[in-house]
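> Each chain is listed here by its residues.
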Amino acid sequence: MLEIKNLHARIAEDGTEIIRGLNLTVKAGEVAAIMGPNGSGKSTLSYILSGRKDYEVTEGDILYNGESILELDASERAAKGIFLAFQYPVEIPGVATMQFLKVAMNEQRKYRGEDELKTPDFIRRVKEAAAELKINPDMLKRPLNVGFSGGEKKRAEILQMALLEPSLCILDETDSGLDIDALKIVSDGVNALRSPDRAVIVITHYQRLLEYIVPDTVHVLYKGQVIKTGDKSLALDLEANGYADIIGAAA
Amino acid sequence: MNIQNTITRTAAETALLEAYNHQVSDLPGDGAVLSARDLLLSDLKDAGLPTRRLEAWHYTDLRALLRTVPAFDGSAFAEAVAPLAIGSSVLTVLNGRADVGDAPQGVVVKRYGESLLDGTAAGDLVERNTEDAIGRINGTFVRDGFEIEIPEETVLVQPLELQIVQSAGQSHSRFPVTFGPGSKATVIERHLSVDGTPSLVSSVSDLIIEAGAEVTWILLQQQGDDDTHLGQLNFELGENASFKLFVINAGGKLVRQEVHGVVTGEGSDFKLRGINLMGGDSLTDVTFTLGHDVANTTSTEIIRNVLFDRARGVFQGQIRVAQDAQKTDAKMACNTLLLSDDADFSAKPELEIFADDVQCGHGATVIDLNPTHLYYLQARGIPENRARAMLVNAFVDEIVEELESETLIEPLELIIAEWLARHA
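Protein chains in written order, with the numbering used here: chain A, 1 to 251; chain B, 1001 to 1424.
No wet-lab data here; the hints were simulated from the structure. Predicted, not measured: the structure shown is a model, and the values here were computed from it. Idealized CB from N, CA, C, for every residue including glycine. Each hint should be verified, as a subset may be incorrect.
Stated by the list, open to error - Selected chain B positions facing chain A (Cβ under 7 angstroms, derived; list incomplete):
id	residue
1	1375
2	1382
3	1383
4	1390
5	1397
Take these sequences, add in the hints, and give me the full structure.
In structure tokens, the structure reads:
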């Protein structure tokens, strides 16, 4: 589903290189965890996959379902099924949450040549998905993410993911700022989306999230490269011993 | 030597004075009104149109900007449109001619043309001060409008819309409105143009809001791309009264809207909310003065401006707090979204405070759309154009939402969305 080949990328504004020859393959149905110390490029990778303009790719390629997506902007990538659940979801005053959800769903449908959703159908879908995630309907009446607690913002991200039904889900530190109950609800939401034709990339610092969303593969990112790949036992290893050994072995 | 004789009149000044000569026999008014008009006209002759040398007109040099003045056009045809809010009573002024067709029950409505004849209007036709060009022009030429009284304790359930439609030529209207003690009303003053012919409209509304009255006034300006709009709204706010004024500019080529208020009753609250949508080669100037003359009053002003193309915008806001007006709480904010490198906005907030126990503040910001907001919307599959439109809408919609009435919010949102669709 996703094939990242020898990717080099830098911050557009000052030219700082963050991703330095990264290779990663994620298959359909796979849950891949990306771990790594602070500053290793994890969040940057998620931004680059989603098409954020602040970064430019200088070398290599990103293939999604066999096609390069480097020329597509963020909205086109989203409409093709790439979804990034943000570490820090953005508050947008004045944009009503329901209106935002409806426009996003319908713009994606339009891009794919599907009919727009009828309002009753849209409302039913939102209500069902919100109930699954134990989201208070009052939250949906507020402007997008405005005044939401950290946990509410993360749940709202997973709600969007459930409604937009992407085929590649990228979760950027979705566990940060969540208490144990919220973590469980969010993880259940993600697990409910697991399917043979959907891939999930989980970016996290901690093994804790991976107890709830069990990965098929674990990749260690360091200085913009994947320096080690393993199965879920690698995450346990890191939890016990830290990154030093692996970084030392790769150097 | 009299220096005035050496001033060369501009084409617009000449046209205005000639228009008076053509109109004078036809303008309504008793003797007192005629002498009031003569005084204003002689000031207009002496001073000419205001230039940037006058403080109040520093950013809008009317003499340089007003190139032509269309002649009065008695044959032009104008038609009323559906009211902004469903269920409203509508009073129309079509090409300057008022019609008391649909006055709501319990409200006293008289054509201003009659007031000019029956001796009640002469006192109105005075200048606020020497820089009051709008009062001067309007008073010289005013022909009609409405004198309205909402009696004590009268509650208007539905809005009252004053619909001023101009198709061509000039018109000058006046609206003295008294809100009696304890009355409640929503009034929509709506200026529209029906076709592309250039026109000149002046309009002066004089509001007296008596003790305990609750008034919402929506001033909606939707003139055409070639029109000049000179508006002025004056108000006096009594004890424990509340006044919410929404000024929405979504049209016109050369627009000056003045708001001048005096807070004369303790315990009163004033809110000004402004949305100025500007595009093309237009200039929109909102000039506001407010005097807190008594203690224990509050006011807030929030102005949101959106500029496209080569548009120019101006906000002058002056709050005066008199020495006796202790415990005044006044806050003014002017936020501008500048969406073109060629657009230009000038903000001049002023506070003049003579009391020592007050809370007053002002702030002005000029911004572009937030790139992080744009990215977030795009990351959910919303194309860039649509995302930009959503964010511009959000910027002004926060103001519209304060109306707290769906029958007003929805049609205003539609007008704003249509304007943005034409200009974005």
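> Each hint needs a verdict: does it hold in this structure or not?
Hints and how they fare:
| no. | hint | in the structure |
| --- | --- | --- |
| 1 | 1375 | holds, 6 angstroms |
| 2 | 1382 | holds, 5 angstroms |
| 3 | 1383 | holds, 5 angstroms |
| 4 | 1390 | holds, 6 angstroms |
| 5 | 1397 | holds, 5 angstroms |
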